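Engineer: Given next are the chains, with one letter for each unit.
Number of protein chains: 4
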Amino acid sequence: MELKIGVIGTGAIGQDHIRRFTNKVKGAKVVAVTDIHVERAEQIAQEVGAKFVKTGEELISLPEVDAVVVTSWDPTHEQYVLEAINHNKYVFCEKPLSVETEGCKRIVDAEVKLGKRLVQVGFMRRYDRGYMELKEIIDSGKLGEVLMLHCAHRNVSSGENYDTLMAIVNSAVHEIDVLRWLLNEDYVAAQVIMPKKTSNTHEKLHDPQVLILETESGIHIDVEIFVNCKYGYDIKCEVVCEDGVVSLSNPSYSSIRTAGKDFTGIPIDWEQRFEAAYEQELQLWVDSVTADEMNGPTAWDGYVASVTTTAGTEARETGKRVEIKIDKCPDLYK
Amino acid sequence: MELKIGVIGTGAIGQDHIRRFTNKVKGAKVVAVTDIHVERAEQIAQEVGAKFVKTGEELISLPEVDAVVVTSWDPTHEQYVLEAINHNKYVFCEKPLSVETEGCKRIVDAEVKLGKRLVQVGFMRRYDRGYMELKEIIDSGKLGEVLMLHCAHRNVSSGENYDTLMAIVNSAVHEIDVLRWLLNEDYVAAQVIMPKKTSNTHEKLHDPQVLILETESGIHIDVEIFVNCKYGYDIKCEVVCEDGVVSLSNPSYSSIRTAGKDFTGIPIDWEQRFEAAYEQELQLWVDSVTADEMNGPTAWDGYVASVTTTAGTEARETGKRVEIKIDKCPDLYK
Amino acid sequence: MELKIGVIGTGAIGQDHIRRFTNKVKGAKVVAVTDIHVERAEQIAQEVGAKFVKTGEELISLPEVDAVVVTSWDPTHEQYVLEAINHNKYVFCEKPLSVETEGCKRIVDAEVKLGKRLVQVGFMRRYDRGYMELKEIIDSGKLGEVLMLHCAHRNVSSGENYDTLMAIVNSAVHEIDVLRWLLNEDYVAAQVIMPKKTSNTHEKLHDPQVLILETESGIHIDVEIFVNCKYGYDIKCEVVCEDGVVSLSNPSYSSIRTAGKDFTGIPIDWEQRFEAAYEQELQLWVDSVTADEMNGPTAWDGYVASVTTTAGTEARETGKRVEIKIDKCPDLYK
Amino acid sequence: MELKIGVIGTGAIGQDHIRRFTNKVKGAKVVAVTDIHVERAEQIAQEVGAKFVKTGEELISLPEVDAVVVTSWDPTHEQYVLEAINHNKYVFCEKPLSVETEGCKRIVDAEVKLGKRLVQVGFMRRYDRGYMELKEIIDSGKLGEVLMLHCAHRNVSSGENYDTLMAIVNSAVHEIDVLRWLLNEDYVAAQVIMPKKTSNTHEKLHDPQVLILETESGIHIDVEIFVNCKYGYDIKCEVVCEDGVVSLSNPSYSSIRTAGKDFTGIPIDWEQRFEAAYEQELQLWVDSVTADEMNGPTAWDGYVASVTTTAGTEARETGKRVEIKIDKCPDLYK
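Chains as they are written, first to last, in our numbering: chain A, 48 to 381; chain B, 48 to 381; chain C, 48 to 381; chain D, 48 to 381.
Derived by calculation from the structure, the hints in this document are not laboratory data. Only a predicted model underlies this, so the values are computations on that prediction, with no experimental measurement involved. Take these hints with a grain of salt, some might be off.
Since the list gives no way to pick out one identical chain from another, each pair is judged satisfied if it fits inside one copy or across any two copies.
[Unchecked claim] In silico BS3-like links for lysine-lysine, alpha-carbon gap of 25 angstroms or less:
(1) 244 <-> 367
(2) 244 <-> 189
(3) 182 <-> 76
(4) 308 <-> 182
(5) 189 <-> 243
(6) 101 <-> 381
(7) 189 <-> 308
(8) 76 <-> 51
(9) 243 <-> 372
(10) 73 <-> 98
(11) 189 <-> 160
(12) 243 <-> 182
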């Protein structure tokens with residue numbers, strides 16, 4: 048008995064997920080797709096033997112759709128998630144859960160009213176083996192209390208539409224989620240430093256940026272966001288504890304010595320770096336839906352990420368330290 | 048439409064494969080199992096919703112079994128593989144294909160007579176990302192001709208029944224297969240050196256051993272086999288070419304600095320080290336069976352491995368260089 | 048013809064330098080020593096065949112003393128350096144040049160008045176092979192403009208007398224000097240963040256601290272100072288440029304695999320880490336004195352370090368960003 | 048009081064040593080030089096303020112020469128070493144001690160007759176920090192008994208005159224000395240394997256070669272000698288023990304990430320790799336001569352190296368395992 052999935056949005060990330068459900072994820076198949084780009088969606092539907100439907104709402108209401116995946120344009124996420132909740136269907140939504148904190152809140156409220164968690168947000172770093180090893184060490188207490196985290200989020204290059212705002216809202220949001228998951232605590236303040244700008248990008252983007260976060264217990268976090276670093280896709284996370292340091296590695300499977308250099312390759316993008324995490328994320332989501340018990344990143348996590356990126360944006364605009372105020376967490380998410 | 052698999056032999060490796068088919072491999076399910084340990088096999092059958100049958104022959108003949116997996120006691124491999132061929136069913140057989148070179152030959156002959164490849168041998172190293180990267184570099188010619196390979200096969204410890212013979216026949220056989228696949232050429236001679244023996248094992252095992260192989264084009268290979276190295280499961284492969292060196296890495300996902308040491312962990316066994324390769328092996332086998340076109344290690348590869356391990360054994364016993372004579376390869380395998 | 052050196056102060060660092068001059072530095076010997084701890088100084092004098100004299104002033108005035116090394120109590124540095132300048136003798140002074148910025152200024156003024164550089168300050172990081180490689184890459188322009196530096200200064204543990212003030216004034220001062228030397232530009236602002244405090248130290252020390260510096264061209268620098276990190280002496284410096292990153296390595300000469308770990312050792316203190324840099328520093332100082340032409344860190348560098356640590360201290364006390372105002376650099380130091 | 052040194056032979060290595068004695072080695076100076084290339088030697092003499100003399104014999108007999116360094120053409124080593132012994136002067140001789148085993152024996156006999164060790168052979172690997180760390184670990188017994196060593200000796204390229212013979216006699220001789228020093232035991236047999244030949248060299252050289260050695264206690268050693276590896280100067284030594292492995296590192300001081308690669312540089316020659324070892328070797332030699340007590344590699348070590356390289360050569364020529372027979376070691380060298 049395979050889980051029958053409907054996918055709303057067949058852009059790049061939607062296609063990747065469809066490919067994973069079709070070729071890799073055990074116990075699931077895609078049965079319906081939709082997109083405003085009809086032709087592309089119809090073709091994909093045909094390739095994987097799914098039905099094409101005209102709207103997300105229609106897809107959600109199909110009786111043969113057991114669970115929904117939302118990979119549409121960011122501003123439409125909220126409406127589809129709410130609709131899925133209305134139909135009492137599990138829904139996996141790519142980040143952001145909503146482009147507005149209030150939208151995240153509306154989703155949280157809907158789940159709380161229903162009294163059941165149906166939503167998972169696509170924060171896939173939590174499924175990376177490296178981050179999982181970091182969490183295991185931190186939770187073990189072997190290195191004592193965490194004091195500081197030094198992180199970097201580096202992309203080879205960013206597109207034309209990527210602007211100054213997106214460095215925190217679209218890129219650092221991954222660190223914002225995964226670090227509070229690692230630490231089991233929330234942020235209380237944000238600050239943003241704008242270093243000298245690289246000449247390798249356009250006018251509308253100030254790149255790099257440094258986001259500084261402070262947690263409830265006083266842990267200091269700095270996250271460099273540098274989306275035109277040119278040399279590779281490189282994610283760093285160094286956790287400095289009282290009795291030692293644990294750091295994320297860039298996994299390598301072979302190394303080469305030639306022409307005076309001893310080197311390993313660096314991934315060129317997130318798929319190369321995190322493909323296994325994406326597959327694990329979707330496999331475990333399918334398993335948890337099948338078991339009727341959510342265990343991934345929640346709507347609440349989506350809300351907290353939104354509050355934090357909003358504070359980060361204010362901190363960048365004002366150049367000041369901005370306090371982060373998070374509502375009381377409903378029991379549903381504890 | 049899932050591929051329906053029957054598994055003969057529910058010992059450790061059989062159980063691992065059943066678990067993989069059940070939880071990880073897309074497009075397959077286990078429908079029948081058998082083992083001479085009836086109780087264990089019955090319990091496993093029940094857990095995964097498969098039928099228990101009394102014999103391998105019965106299992107192979109079941110109409111609902113599309114393809115067969117042989118993970119039984121080594122001396123029984125040949126008979127089940129031949130039986131599967133008789134039933135014109137695809138069969139995945141763990142190494143060794145047969146405990147005798149003549150047995151491997153009989154399987155090859157049966158396939159040749161049938162005119163179709165049905166057999167895949169469980170040489171899973173070919174599916175490891177590290178070895179695949181090595182092969183890509185070698186085949187690209189970027190580093191020139193391969194001249195030498197320095198390899199090591201180290202296990203934490205070996206069991207009571209592991210004896211001097213098995214170092215080559217059961218352990219180095221993995222290198223014997225993967226290295227000729229890497230190099231696209233066969234071996235012409237073997238020599239074995241017996242270094243000082245570790246005190247960390249029993250009487251019946253001389254550990255470590257060094258197997259030296261020479262290929263058709265003159266490439267020199269040394270393989271250290273050390274199955275009681277105590278510190279971890281460690282597989283090394285350094286390929287020395289005319290213009291550079293490419294080496295297998297021990298992938299790590301995090302590193303720790305504490306108590307004066309900067310360290311990464313070492314796997315404790317092959318499952319930790321090669322789990323992704325096992326899953327990939329079985330996934331691609333299922334995909335190729337479904338596509339009705341074998342592309343993994345063949346019965347011929349099983350035969351060549353047997354010829355080579357036999358020569359290695361003679362070399363160890365005589366202390367001499369032993370020539371390796373391989374029959375002409377049938378067209379079916381080219 | 049060896050350079051005849053007088054050493055003022057025979058505490059730990061003084062003894063280390065005397066040992067280096069005696070056993071390692073070519074072309075120099077220690078001929079006179081002094082210290083307020085008379086007995087210890089007399090014994091050291093005897094061991095190396097030097098004369099013991101009662102005061103620094105007397106030592107400086109000895110005709111047989113060609114050049115002076117000041118390794119006395121920090122608050123006495125200034126007076127001995129000024130006295131050496133009065134006697135027109137070269138003087139190597141351990142950092143700080145003076146405990147007050149005004150004191151550094153007085154030394155600069157004395158040199159400017161004399162019209163000759165006689166003073167070298169003991170900023171030995173500039174002589175470390177790793178930092179020299181970083182400088183070579185930066186200066187080559189191969190990686191484009193420098194945008195950010197992420198640094199850490201970690202000691203195993205600090206003594207009873209090490210307090211909150213010293214993290215910047217005594218520890219980060221090394222980064223303050225070496226980074227502006229690396230970058231060929233000065234700082235314009237400082238900020239200090241106080242993370243969660245480690246439980247592995249005493250009341251009077253807030254450890255760790257994070258010093259954030261901004262340079263003239265807008266380069267962002269963060270320096271973690273953590274003097275009770277417990278695991279080892281660890282100095283990090285990652286230079287993020289437009290087209291790549293260059294990082295300081297912790298040099299290792301061997302690695303070990305045992306008990307499930309693949310590790311290299313971490314130095315326990317600065318002598319283990321920087322011994323070669325200390326020897327190079329003193330050798331080049333002796334060579335430059337012999338050549339009658341200073342080329343190491345100047346009194347001006349000592350002054351700038353003092354201005355910067357003072358701003359860092361104010362930033363820590365106020366929690367605010369503090370501007371760094373440096374006087375116009377005299378021609379003597381350009 | 049500096050040790051006054053006479054240098055016989057002002058070719059490349061002679062000049063390097065003169066430079067080290069002049070600029071780096073404490074307590075020594077070069078007072079006399081000679082070479083059959085008179086003009087070059089005269090110029091060097093002038094540069095360092097030494098006397099030029101016409102012959103090695105004359106140099107050795109000069110009353111102002113305290114100790115002799117022999118860096119002349121290999122076939123002349125023996126005569127100068129014997130002459131130095133005749134004059135009861137300490138002599139540092141570059142390897143080989145003599146081009147014939149019998150010549151080494153004559154030197155040993157002369158020392159034994161004199162009853163005093165005057166000779167040190169230039170096996171500088173023993174002074175490399177990496178090898179010293181290996182020895183410390185081995186001697187500590189922490190990893191149990193040594194069972195195997197896997198080594199490689201790789202040069203970027205070899206000159207026109209470097210032929211098949213020299214791979215063992217001139218290159219592997221370094222491993223031959225340093226490994227028996229590491230292990231505290233001698234070799235009993237040698238074998239040589241000739242892998243596929245690189246196309247990056249000339250007719251008279253078969254490159255690479257693999258030298259296999261067996262020690263008294265049964266330790267297996269393989270040494271790859273590859274003097275046209277093109278990519279860098281790379282020395283590997285992996286010591287496999289009962290309870291773990293210790294390996295030589297290629298020390299690096301910085302690393303770079305650019306253009307998809309994470310790399311460290313590889314030295315291009317032995318001076319880059321071993322400069323610190325050369326300096327340490329000469330410093331400790333000067334110290335030991337000054338203390339009138341030799342503690343470096345002896346004439347006996349030079350003799351054993353000669354016996355072993357001779358056996359290696361025979362093994363290469365015959366393709367057979369050749370036993371290594373070493374005379375009884377005189378008490379003088381125990």
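Engineer: Each hint: holds or not?
Structural biologist: Checked hints:
1. Proximity of residue 244 to residue 367 under the C-alpha cut-off of 25 angstroms is found in both arrangements, the shortest distances being 19 angstroms within a copy and 23 angstroms between copies.
2. Taking the shortest Cα distances, residue 244 and residue 189 sit within 25 angstroms of each other only across copies (17 angstroms), while inside one copy they are farther apart (40 angstroms).
3. In this assembly of identical chains, the alpha carbons of residue 182 and residue 76 never lie at most 25 angstroms apart, being 31 angstroms within a copy and 34 angstroms across copies at closest.
4. With identical chains, the CA atoms of residue 308 and residue 182 are at most 25 angstroms apart between copies only, with a shortest distance of 19 angstroms across copies and 34 angstroms within one.
5. Taking identical chains as interchangeable, the C-alpha atoms of residue 189 and residue 243 lie at most 25 angstroms apart only when they sit on different chains, with a minimum of 18 angstroms there against 39 angstroms within one chain.
6. Proximity of residue 101 to residue 381 under the C-alpha cut-off of 25 angstroms is found in neither arrangement, the shortest distances being 38 angstroms within a copy and 50 angstroms between copies.
7. Proximity of residue 189 to residue 308 under the C-alpha cut-off of 25 angstroms is restricted to the inter-copy arrangement: shortest distance 14 angstroms between copies versus 36 angstroms within a copy.
8. For the identical chains of this complex, residue 76 and residue 51 are neighbours both inside a copy (5 angstroms) and across copies (18 angstroms), given an alpha-carbon limit of 25 angstroms.
9. For the identical chains of this complex, residue 243 and residue 372 are inter-copy neighbours only, at 20 angstroms across copies versus 30 angstroms inside a copy, given an alpha-carbon limit of 25 angstroms.
10. Both within a single protomer and between protomers do residue 73 and residue 98 lie at most 25 angstroms apart by alpha-carbon distance, with minima of 20 angstroms and 21 angstroms respectively.
11. In the homo-oligomer, the alpha carbons of residue 189 and residue 160 never lie at most 25 angstroms apart, since the shortest distance is 41 angstroms inside one protomer and 59 angstroms across protomers.
12. Taking CA atoms no more than 25 angstroms apart as the test, residue 243 paired with residue 182 passes between copies only; the shortest distance there is 19 angstroms, against 33 angstroms inside one copy.
When held up to the earlier numbered hints, the structure conflicts with 3, 6, 11 and fits the remainder.
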